[in-house]
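Each chain, written out:
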Amino acid sequence: MARPAEGTLVSEFEWGEVDRAAGTSAPVSIFTHPTTPKSLQLFGRMLGVPASMNVIDIETLSLTFETGDGPVQALSNIDLKIAKGDFVSFIGPSGCGKTTLLRVIADLEQPTGGTISVNGTTPELARLDRAYGYVFQAPALYPWRTIARNVALPLEIMGLTRAQQEERIARNLALVNLTGFEKKYPWQLSGGMQQRASIARALAVEPDLLLMDEPFGALDEIVRDHLNEQLLQLWAKTKKTVVFVTHSIPEAVYLSTKIVVMSPRPGRIHDIVESDLPRGPRPLDIRETPEFLKLAQRVRDGLRAGHSYDD
Amino acid sequence: MLPLLLIAILLVALGISWLCVYLVHLGEKVPAARRFSDLAVPLLFGVMLIAEWELVTRGFGVPEILLPAPSVILSAAANALPTLWEDVVQTFFKSVLSGYIVGCGLGFLAALVINRSGFLKRGLLPLGNFVSALPIVGVAPIAVMWFGFDWQSKAAVIVLMTFFPMLVNTEAGLTAAGHMERDLMRTYAATWGDEMRRLRLPAAWPFVFNALKINSTLALIGAIVAEFFGAPTYGVGFRISTEMGRMNTAMVWAEIGVAAILGSVFYGVIALFERRVTFWHPSVRKGQR
Amino acid sequence: MKKPSFMRESVVPVLTVLAVLVALWYVAALFMNHSMVIAEAELKGLAFTPSEIWLRSWALDKPLLPAPHQVIAELWRSTAGLSVTSKRSLVYHGWVTLSATLLGFLLGTLLGILLAIGIVHQKVMDKSLMPWIIASQTVPILAVAPMLIVVLNAIGISGLLPKALISTYLSFFPVVVGMVKGLRSPEAIHLDLMRTYNADDFQVFTKLRWPASVPFLFASLKVGIAISLIGAIVGELPTGAVAGLGARLLSGSYYGQTIQIWAALFAAAFLAGLLVLVVGWSERLVMRLMGSRPERRTA
Chain A
1 MARPAEGTLV SEFEWGEVDR AAGTSAPVSI FTHPTTPKSL QLFGRMLGVP ASMNVIDIET
61 LSLTFETGDG PVQALSNIDL KIAKGDFVSF IGPSGCGKTT LLRVIADLEQ PTGGTISVNG
121 TTPELARLDR AYGYVFQAPA LYPWRTIARN VALPLEIMGL TRAQQEERIA RNLALVNLTG
181 FEKKYPWQLS GGMQQRASIA RALAVEPDLL LMDEPFGALD EIVRDHLNEQ LLQLWAKTKK
241 TVVFVTHSIP EAVYLSTKIV VMSPRPGRIH DIVESDLPRG PRPLDIRETP EFLKLAQRVR
301 DGLRAGHSYD D
Chain B
1 MLPLLLIAIL LVALGISWLC VYLVHLGEKV PAARRFSDLA VPLLFGVMLI AEWELVTRGF
61 GVPEILLPAP SVILSAAANA LPTLWEDVVQ TFFKSVLSGY IVGCGLGFLA ALVINRSGFL
121 KRGLLPLGNF VSALPIVGVA PIAVMWFGFD WQSKAAVIVL MTFFPMLVNT EAGLTAAGHM
181 ERDLMRTYAA TWGDEMRRLR LPAAWPFVFN ALKINSTLAL IGAIVAEFFG APTYGVGFRI
241 STEMGRMNTA MVWAEIGVAA ILGSVFYGVI ALFERRVTFW HPSVRKGQR
Chain C
1 MKKPSFMRES VVPVLTVLAV LVALWYVAAL FMNHSMVIAE AELKGLAFTP SEIWLRSWAL
61 DKPLLPAPHQ VIAELWRSTA GLSVTSKRSL VYHGWVTLSA TLLGFLLGTL LGILLAIGIV
121 HQKVMDKSLM PWIIASQTVP ILAVAPMLIV VLNAIGISGL LPKALISTYL SFFPVVVGMV
181 KGLRSPEAIH LDLMRTYNAD DFQVFTKLRW PASVPFLFAS LKVGIAISLI GAIVGELPTG
241 AVAGLGARLL SGSYYGQTIQ IWAALFAAAF LAGLLVLVVG WSERLVMRLM GSRPERRTA
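Protein chains in written order, with the numbering used here: chain A, 1 to 311; chain B, 1 to 289; chain C, 1 to 299.
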């Protein structure tokens, strides 16, 4: 196979042998690999290697499940590029594969076809590198640990010292406005506070990528609005890349710079909507503006087209 | 005498029953009295049973070999305290504790081992469920043949009896950690050891304690019944069978009382530990906020 | 990913584990019995080659650990090889134990259900009895079994009834505890719905509580039947009974007939397994009649 020109981003599945079972693969470009020493990366940048690459690069990805009833195509021909600093929402009805796609990015599922790179490497290497924080639909806090120890969980596994842990716990709990609740147990907190704690836990790893799977789905609308606002402020302050799964149209349009509309059977991308709303923290009443409503209408049309109630 | 006796029996029954009914209603109406009534009613009921027992056996002159009066049992027990203690040491401290610790420990370790291998899990668990239903106590004569009359054979029976409930329950506990929590560990690139220590073992404690409680009763039963098949000259089971042979039923009941106390205390201690370790489990923290 | 199949998932692992266990058993028998063989050889002044020692240790009359084929042979001999009414037939002894078990189990279940209904509907019964019933689960009730037999024999009741009463007593407690949990299991919203229909206690019981308690009942029945069998066996021990599996166990241990002990033990195990299987099948049948379907595995 011909070697591509130096500096172009190519997924390693096309170049070099990949032994997926062993989890090894040749790095794409030594100048942009995350574990390359900074000095070499700078040198590469001097040579013209682009500094900002797509954080997530997905090409003709597909995923087929073998079930007792026969094969189910959860994802089919997904093409998607997510740049650094984007806030991308996946929206679609149940069964469209939005959560599955997020899980593939997180290396919680393996694709059966196509290619995907996260931070320039395989999802598995990104996971082992702890390149992202994942927030689930439910807080998934351990009931036998206090809030502080729950936030410390990934830090313990990463091997940080107690002092480092304390510092990060304090900082991240402050980010989600939960200072003072360190010694409480999860069941003593409301649903919204628990979810905030789980977001603090995801942030404590200090990843550049945040993957969130319908994190506010179980909360009531007022708490949800409040958390949406806080999330945008957080995103603006920390400049992270966020991939957000939701089935609420207003939420998707309010939060995102890019909205991916998906449809089911088989799971595929129906439309990618680039938002023309101002980037950065937006006030809640932007939801009444005509630009917002136009975007929401486009998303709704996309959802309707891809999904019929007669199914 | 007879009519007086009958009146006494009736009065005690009616009186205490009325008191129980009153206390239950009181507990309903007055929340502050709830705890008191919850404690007092079963106690009163127990007192009533014992009082009636005493009245009926004494009053009707029931032969002692059939059913001795509580007062007779208590005096027999008081006179035989050293023997009772000796029996407790033999049965509980030697046979039960050693068999219990070894059996539960092995069951726990075995669950950790088979948790690693899906194949072993699918092969061993159905067997484990099956063996739990078997009359394992029947291996007692074989154990006596292999390990002799002393506590070792009883401990061996207990090991066999407690192993499978511990295995099955620990295994259920290790898989109790939800999929979401396990995916979370995966996103942290946690090793198997990390995941065990921080997620699966803490999540498994409620199940482990469930098995520990069940096993406490099984262990005591195993020791006592195994002693029916042969024991040195002490032990709760041994005493029960020999005193029965001598028709000394008061002593038999005293030993049964001792066994009951042993059983409830053993169980109670484990329940106390359970409360401390699994303070976070919904079943334990009912009513807390 | 290969599609999961019943054979691969369930049967093969169990058979493998069983095969390994049987192999280990043969090895253990070899270890435990061969000293007896050597002693026997010295006594008779014979010399055995190693392979002969092996074979002998799997064919002794009163081995320390009988080999599997010996146990199976004895099982065959005492079931199919004898007439059912013979006093040495395991079928006869098994029937004696089984009849006591079943009678006791039925009585215990009935009483347990009745008491559970009373406890759930009558506050006073609940408050006074339930703590004792729960506490009694911590007491080694099985230890009382022999005494019950002797006492009943003394007043003239012997044979089937005392053993059945022990089984009743033993299976009663799990049934009460399980049924109380089951009768109380309907959620608050279901009970509220009944309230809006102005249903009386009896209607709530027949239409809601009883159907909701069926899974709990069957869980208790499985525990109850196993413990009833154990109770019947233990009940045969004290008075030197001559009939029943417990009696066979006892006589085997008195006369050192190890193969007989193992055969009786296996017969008891077989009986226990059969009973639990029957309860399991009836549970599935009842659940299917009530409309529930086995859970489907989602992708």
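Everything labelled a hint here was simulated from the structure, so no lab data went into it. Possibly wrong hints are sitting among the right ones.
Said to hold, decoys possible - Computed cross-link-like contacts, DSS-like style, restricted to lysine-lysine with a CA-CA straight-line distance of at most 25 Å: (1) C:Lys181 x B:Lys213; (2) C:Lys222 x B:Lys29; (3) B:Lys121 x C:Lys222; (4) C:Lys44 x B:Lys213; (5) B:Lys213 x B:Lys121.
As the list claims (entries may be wrong) - What follows is a list of derived Cβ distance ranges for each label pair: (6) C:Ser83 x B:Asp38: 33 to 41 Å; (7) C:Ile155 x B:Leu112: 47 to 55 Å; (8) B:Tyr22 x C:Gln203: 53 to 61 Å; (9) A:His226 x C:Leu114: 52 to 60 Å; (10) A:Gln110 x C:Lys207: 28 to 36 Å; (11) C:His69 x B:Phe93: 39 to 47 Å; (12) C:Leu285 x A:Glu166: 56 to 64 Å; (13) A:Asn177 x C:Leu285: 54 to 62 Å; (14) A:Leu160 x B:Asp150: 32 to 40 Å; (15) C:His69 x B:Asp38: 53 to 61 Å; (16) C:Ser86 x B:Leu11: 52 to 60 Å; (17) B:Leu112 x A:Leu160: 24 to 32 Å.
Ideal Cβ positions, reconstructed from N, Cα and C, are used throughout, including at glycine.
Requested in this report: Provide an ascending list of the numbers of those earlier hints which the structure does not satisfy.
Outcome: Per hint list: 2, 4, 6, 8, 10, 14 violated.
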